[in-house]
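**Student:** What follows is the residue order along each chain.
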Amino acid sequence: MRIGIVCPYSWDVPGGVQFHIRDLAEHLIRRGHEVSVLAPADDDTPLPDYVVSAGRAVPVPYNGSVARLNFGFLSAARVRRWLHDGRFDVIHIHEPASPSLGLLSCWAAQGPIVATFHTSNPRSRAMIAAYPILQPALEKISARIAVSEYARRTLVEHLGGDAVVIPNGVDVDFFARAEPRPEWRGTDEAPTIGFIGRIDEPRKGLPVVMRALPGILAKRPGTRLLVAGRGDEEEAVEALPAALRGQVEFLGMVSDEDKARLLRSVDLYLAPNTGGESFGIILVEAMSAGAPVLASDLDAFRQVLDGGAAGELFPVEDAEALADAALRLLADPDRRAALSTTGSRHVRRFDWSCVGAEILSVYEMVTDGAGSVATDERTGLRARLGLARD
Amino acid sequence: MTLLWIAVAVVLLGVYLSWTAGRLDRLHARMDAARAALDAQLLRRASVAQELATSGVLDPAASMVLYQSAHAARQAEDEQREVAESELSQALRAVFAEPDAVTAVHEAPGGPETIGELGQAVRRVPMARRFHNDAVRAARVVRRHRVVRWFRLAGHAPFPLAFEMDDEPPAALAADASR
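Residue numbers (my numbering), protein chains in the order written: chain C, 1 to 390; chain P, 1 to 179.
Keep in mind that the hints were calculated from the coordinates and are not lab data. Keep in mind that this is a model prediction, so the values were computed, not measured. Hints are supplied without guarantee of correctness; some may be wrong.
Unchecked claim - To list a few chain C residues with every Cβ distance to chain P over 10 Å, as calculated: (1) G15; (2) R87; (3) R203; (4) D258.
Unchecked claim - Some chain P residues close to chain C (C-beta under 7 Å, calculated; not the full set): (5) A37; (6) R124; (7) D134; (8) A171; (9) A172.
All C-beta atoms in this analysis are idealised placements derived from N, C-alpha and C, irrespective of residue type, glycine included.
When you get a sec, could you build the whole thing from the sequences and use the hints?
**Tutor:** Structure below.
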């Protein structure tokens, strides 16, 4: 099958959507499909051979933060050329409602279109104002995919219609086979707790951990917190008494291999996020590596953790509950082993072999009997008035 | 001068009507494609169920229940289709209520393929139905538009109807497919 995938965010900036698209494209290529990814990228960044650059993304303020977006005639022209040259059987657009490449491709294409909605953005004013323009573009999508039941619900509320839920994929074996690193492994007296995420993004929840840490250290003084992620380390430990700061180790940005090895090594993985999550891929990765998971009780996390069966949940932003739950788990190796086993079994459904097959069956369903994707030629005025000759 | 403005307004209205008609046409095409896909998935499901019912792998009572509902689903007229397909879903859930039934089919010759096909069919039906009903909803929004009604842009195409049925797959089969 000839598949075109549209990535809305810069290929050279790391992010969940970009990784998802990279893994999906590589998975589909391994299964023998022809895949081309259209993504914003600087013209001088080295790209894998299946990625086509749609030009540089421009930073503009949008929806309360600065987003890097593609728009304008140049980008639209590149989208059209890509669609024209690719002669795809199906195109798969990610985040079609954000004002970037996704929307442009939706506008410019006709034929079998599949779209995945990743985020659960609150409805923005721009979206309400643009609704009459957005609707004719979005109604071309033949099949909508939401990455979680939560994302589906917001999609239904904001845009109407319906979507099927297909979770994000993870290469489970990559995490399951990673080699633990001795210096990150804990002992009974000095267990290790892992945290992965941006340090300076409060929604990732590190401040909650910092509030809970004194309580944990009072009972288990040897506990070490291993933090992997970008951000200001000094600022992060500011809230912590100086004597306890030595128990927090910052690993900075880690490679994919080190991330897997960290998850394989720790005695407990913490996901204290306070909101803004529509899926929770990191939980799936932690479970793949067999790490027992303690996560905040967000809708998206609850769903990934099978309602709490594959990992423990604590009330969002409740540092005391976090400390209690962490101490209970650290004192109970049997419970941790049970969580690890349940998690490893539960996580199989997120493996690319399952997720890829689901996505392919959606492609098959929309391409059955349909023509291939083409550019949506704007009919000229003469044709509309019936004056043009065929 | 006034005449010129009237002419401009008429032309603009014409362009708008033509654009809306094009949009509606595209929506109808999407809906037809989604309906065809749903039909194909429903037929596939009924065929596999019927094959299974006549294979002799299941016990006679289960075979009869499954055969009856699969047959009814395939033969149903348009008005009874939703009910018949829902009954097939219920029959499949009843037959595969215990995981033992899945194991029994698995062990028969050619069983794993049949279970694979049936698992795929019962998961694809809800997907196809969502895509179809999503297309129906989008078409309805445009069809209800004043301009579309006043100028009868939809022509004689029937008002789009959603396909409502019980499409919950048997838990044992859905789990089997995701393994």
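**Student:** Confirm or reject each hint.
**Tutor:** Results of checking the hints against the structure:
Every C-beta of chain P lies more than 10 Å from that of G15 of chain C, the closest at about 27 Å, which supports listing it as non-interface. At the 10 Å boundary, the C-beta of R87 of chain C stays outside the reach of chain P, the nearest C-beta of that chain being 19 Å off. No beta-carbon of chain P is positioned within 10 Å of the beta-carbon of R203 of chain C; the least distance is around 30 Å. Annotated as non-interface, D258 of chain C keeps its C-beta farther than 10 Å from every C-beta of chain P; the closest such distance is 30 Å.
Given hint, A37 of chain P at the interface with chain C, holds; its Cβ is 5 Å from that chain's nearest Cβ, closer than 7 Å. Checking R124 of chain P against chain C by beta carbon gives a least distance of about 6 Å; that is within 7 Å, so the hint holds. Against a cut-off of 7 Å between C-beta atoms, the interface hint on D134 of chain P holds, since the closest Cβ of chain C lies about 4 Å away. For A171 of chain P, the suggested interface contact is broken, since its CB lies about 13 Å from the closest CB of chain C, more than 7 Å.
Hint on A172 of chain P is violated. Least Cβ distance to chain C is approximately 15 Å, over the 7 Å limit.
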